[in-house]
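Spelled out, the chains give:
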Amino acid sequence: MSGSFTPKTKWRKKQLVFVWLMLAIPILQFLVFFVYVNIDSFIIAFQNFDYTNQVTEWTTDNFRFFFADLTQKEAIKTAMFNSLLVGLNDAVLVIVSAMLAYFFFKKVPGRNIFRIIFFLPSIISIVIYTMVFKYMFSADMHGLIPETLMAFGVPEGDLPLWFSDPWLARSLILIYCLWVGTGYNILILGGSMANIPSDVMEYSKLEGVSMFRELFQIVIPMIWPTISVAFIGSISVSFTLFMQVNLITGGLPHLIDGSGGATATISFLVNSMIGSNRERAAAYGLCFTAISIPIILIARKIMDVVNKKLGF
Amino acid sequence: MKNVKGILLMTALLSSVAALSACGSKEEEVQEGKTLLNFEYLQAGFGDAPYQALAEAFMAEHDDVLVKLRPNKDINTTTASRLETKNNMSDIYIVRDVLEIQRWAAKGWVHDLKDDVYSAKIDGEETLMDLMDEDALEYSKVNDHFYSVPEYYNIDGFVYDAALWEKNGWEVPTTTKELEELCLKIKSDSTVAPIVYCGGPNSADGYLYFATDGWMTAFEGRTNLKRFYAFESPDVFKPENSRGKWHGLTNLKTFFYGDYVMARSQDKDFMTAQKDIIDGKAAMMLNGSWFINENKRMLDVNPKANMKMFKVPEVSDSNNVKLRAEGYATVTGKELICADVGASYFIPEYAPHRDLAVEFLKFINRRSSSVLYTLNSNAPRPLDYNIDPTSEAYKDMTDFGKSVLDIVRNNELFLAFSKSPLMLEGHVGLYAKGRRESSIYQKMTPDEVLEDEYNYVLNNWDSWTKA
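Those protein sequence lines, which keep their order, are chains A and B. The first sequence begins at 150 in my numbering and counts up one residue at a time. The second sequence begins at 17 in my numbering and counts up one residue at a time.
The reader is advised that the hints may include incorrect statements.
Derived lysine-lysine pairs resembling DSS-like cross-links, with alpha carbons at most 27 Å apart [claimed, not checked]:
id, chain 1, residue 1, chain 2, residue 2
1, B, 157, B, 130
2, A, 222, B, 482
3, B, 435, A, 222
4, B, 130, A, 226
Worth flagging that the hints you see were computed from the coordinates, not collected in a lab. Quick caveat: nothing in here was measured; it's all calculated off a predicted structure.
Kindly generate the complete structure, drawing on both the sequences and the hints.
Written out as structure tokens, the structure reads:
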């Protein structure tokens, strides 16, 4: 019956056109901003611009310089350490979010206030929120934290130097990530908790299971696949965190050898290199990607093993 | 039928999204019956005033042209894609990174200005090559081409409120010895902090390098600095060949990491530190010729403040004798101060109105235009034009502008740049690992810093030069 269309096949064809039209933009975006950009970065990593002769030449030197810098400059080691801190911080974030999501799930009193506090960062622009957060710690801006410390008798001259002490500056970024990331994770984990069959929860209630036991022995195992995704996502964030560092500390304070910033993450370090040598920045990016892939795969494997052991 | 309409609607929507994404690709060519010339520059400290003045003066001569100012704070990241796609492209740009212009030129995106601008008659019979100073000409030259024109020389020093100083009887120091005596006097006379700086995030590292570079330049002299910036051997980093840096870092420790600095300066952002100066809470701050443009609003509400600038005082010993390196030399016999090219003009090869942009750039480089530019920016251009106290232009300047021009006139400028591949490719700079002001803050001694730098350079020199 070729050549003749039934209303059903016509409808299917229209549906297909509609679906493909809807998919066209994200696919195009993926091709341009992921595939093209990554291929381009890969190519650039093997190039060098010769300013004397004004030509681009092929080379593997950028990778050689990565390993030389790794042993001789503080910047790379510090960026890797900071990214590791961010990854650990985000792992804590997932745990804290799971607990908070559980409290919301159990409809504990005062949950609406906490909901606003934790969701606010998810609906306000990151730039505005970061500025508000930053000014909370700024003595010059009469921020909440220094003003509170002074109200408790700390002299102005003895106030902590939040932005120029390496550990305090790092802690600012970690606290910010905890605060801002919680709302999003609560949303994801809370959604997963809402799908737990109500008879399971009723049974637990009838058995008189404590909230602590219910959370750790029933709820968390049942939403483990979602926790697993959030956790793996948090590890990848540690390799890509840039904006928060840029807005809060600008990578400062400087390292003692002057090679970079004490709060710079891997992503920040690569980004800050683009201005001086983009080819080397691309090579650094590739090297860090090579380091990150096995870490993420191992983390995924561990989460899968735990998932199997939990038996849900 | 309804579904067909739906699909058509969706298609139309997608098409409009696609069309919008290319919005601006066809820049309006004519506005109000005039040819539109888009002039794009970094939205920063100078504000719009100097560019507005140049645009108005050009339009007064060309009543068929409308120069549209396009201040862009993201110019460093947006320009490359506009040049590559030829979308939403301006006719003339000012960007900070001259090496970036060279990279774009290698891709054929930038117009060679050698014949159209550098060799053209700009002012009477004089060409731009005749008007431009030698260092700036060398700075802009790429093999046998010129892809950019320097906008201004960045002049820096200590900014202070002359009214406050006059009231307290404080005098401008000319040596580090006098600076130290002044800091002690300010501390004993008043509650004003002698020095404030902006060491906080995204605040140009407190501009501390203005001081360390200034002290190094003043000590080393032109010949030694030229030798250093040639980077012909690792020996230029030897501690015994780096005494200028040593003095810079030592003085940094004395003045910026000691008792003379305002509390919490290391955490301050640049606007707060600048406000401390204008409000009279601190006596001086390292800053540049853009200071009064950038702080216009704050100065408007503090009309009593009379801002001026003095150069970083000369390095001296405890007997107030100025110190000079072995082999110190200058061309004019005047004291040496460092300057750098703040930004550069360029014209895209495929600019919508390239010929008109060339005319505008030639106009900008006339002597009268340079005067106009300096009047509105307080920054000197690397060209030959009269801004002496006898000139009309000088009389019209603010006290701050006059103090900047006095620094330029009374000293010899050293333009710190290098054509060595080692520096251009980012292996070395004034320091090899990175700026070292923070090393001193973190209790490294200047000797340790110089030793560390030299060892690093020595270990890598062969690897860099082979590459």
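Checked hints:
About 9 Å separates the Cα atoms of residue 157 of chain B and residue 130 of chain B, which keeps this hinted pair within 27 Å; it holds. With a C-alpha separation of about 20 Å, the suggested pairing of residue 222 of chain A with residue 482 of chain B holds against the 27 Å cut-off. For the given pair, residue 435 of chain B sits about 25 Å from residue 222 of chain A by alpha-carbon distance, which is consistent with the 27 Å threshold. Straight-line distance between C-alpha atoms of residue 130 of chain B and residue 226 of chain A comes to about 46 Å, which puts the hinted pair past the 27 Å bound.
Hint violations for this structure: number 4 only, all remaining hints satisfied.
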